[in-house]
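Number of protein chains: 2
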Amino acid sequence: MKPVNLADKLSQFSTHWDPHVVADYNGNDIMVVKFQGEFPFHDHPDTDDFFLVLEGEVTLDVEDRSHTLGPGELFVVPKGVTHRPRAENEAKVLLIEPAGTPNTGDAATAAKKPRI
Amino acid sequence: MKPVNLADKLSQFSTHWDPHVVADYNGNDIMVVKFQGEFPFHDHPDTDDFFLVLEGEVTLDVEDRSHTLGPGELFVVPKGVTHRPRAENEAKVLLIEPAGTPNTGDAATAAKKPRI
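If you read the protein sequences in the order shown, they are chains A and B.
My numbering puts the first residue of the first sequence at 14, with every later residue one more than the last.
My numbering puts the first residue of the second sequence at 14, with every later residue one more than the last.
The shape of chain A in the complex, shown without the other chains (with noise of 0.2 Å):
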């Protein structure tokens, strides 16, 4: 029970695609991000997938559209929905996800969402 400083957690990993655990709610893993270039196109079944841009520009491609949001904007992909996120430039970004989720919607395929 402690605040958790994003830019802090932020600091401590440069990977791209590689979710970190920065605190619990309720069974999902609150977690943040670095975005750059383009992650497959992939969806989730059983939950929605929640995106806040801390820093930098995301576009989403969700379905035949594309939206680009920048710092405080969100985004919540229905659960089912196929989505790319992509990046031109670096981007950071707070998900919220049940902890379990495979962030490539694939468990062969998914990031280990290491807790910092």
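These are computed hints drawn from the structure, not numbers from a lab.
Treat each hint with caution, since some may be false.
Copies of the same chain look alike in the list, so a pair counts if it works inside one copy or between any two.
[To be verified] Capping the alpha-carbon separation at 30 Å, the derived lysine-lysine pairs in BS3-like fashion look like this:
1) Lys92 - Lys126
2) Lys125 - Lys15
3) Lys125 - Lys92
4) Lys15 - Lys126
5) Lys22 - Lys92
6) Lys22 - Lys125
In this text, all values refer to a predicted model and were calculated from it rather than measured experimentally.
Starting from the known structure of chain A, arrange chain B on it as the hints suggest.
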């Protein structure tokens, strides 16, 4: 399914301790709220309580400790833990609670949480 600009949403109301729902995530209300002054001590017996400071400074009195949070700092109060948010000057906060959670811990005194 569209981006939510938190500053835009916060500009739509001026009341304090009056959370407004801006998005849904797996049955949780994603809310923005303005704090100023002291809220009553309370707890939520069935849910954790998520706070992320967007602007200004918030103090959370949690059991026998006080935690001061600035922008980009979050805190999760575990379920059942007594807490009181307060802010000397206006602060803007992102909150997450399961839909229907009374913000005071008591349905009789809870805010209505309008959707914007």
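Here is what the structure says about each hint:
In this assembly of identical chains, the alpha carbons of Lys92 and Lys126 lie at most 30 Å apart whether taken from the same copy (20 Å) or from different copies (24 Å). In the homo-oligomer, the alpha carbons of Lys125 and Lys15 lie at most 30 Å apart both inside one protomer (24 Å) and across protomers (29 Å), since each shortest distance falls under that limit. For a Cα distance limit of 30 Å, the shortest separation of Lys125 from Lys92 qualifies both inside one copy, at 21 Å, and across copies, at 27 Å. Proximity of Lys15 to Lys126 under the C-alpha cut-off of 30 Å is found in both arrangements, the shortest distances being 20 Å within a copy and 27 Å between copies.
For a Cα distance limit of 30 Å, the shortest separation of Lys22 from Lys92 qualifies both inside one copy, at 28 Å, and across copies, at 24 Å. Taking the shortest alpha-carbon separations for Lys22 and Lys125, only the intra-copy value of 16 Å comes in at or below 30 Å, while the best inter-copy value is 34 Å.
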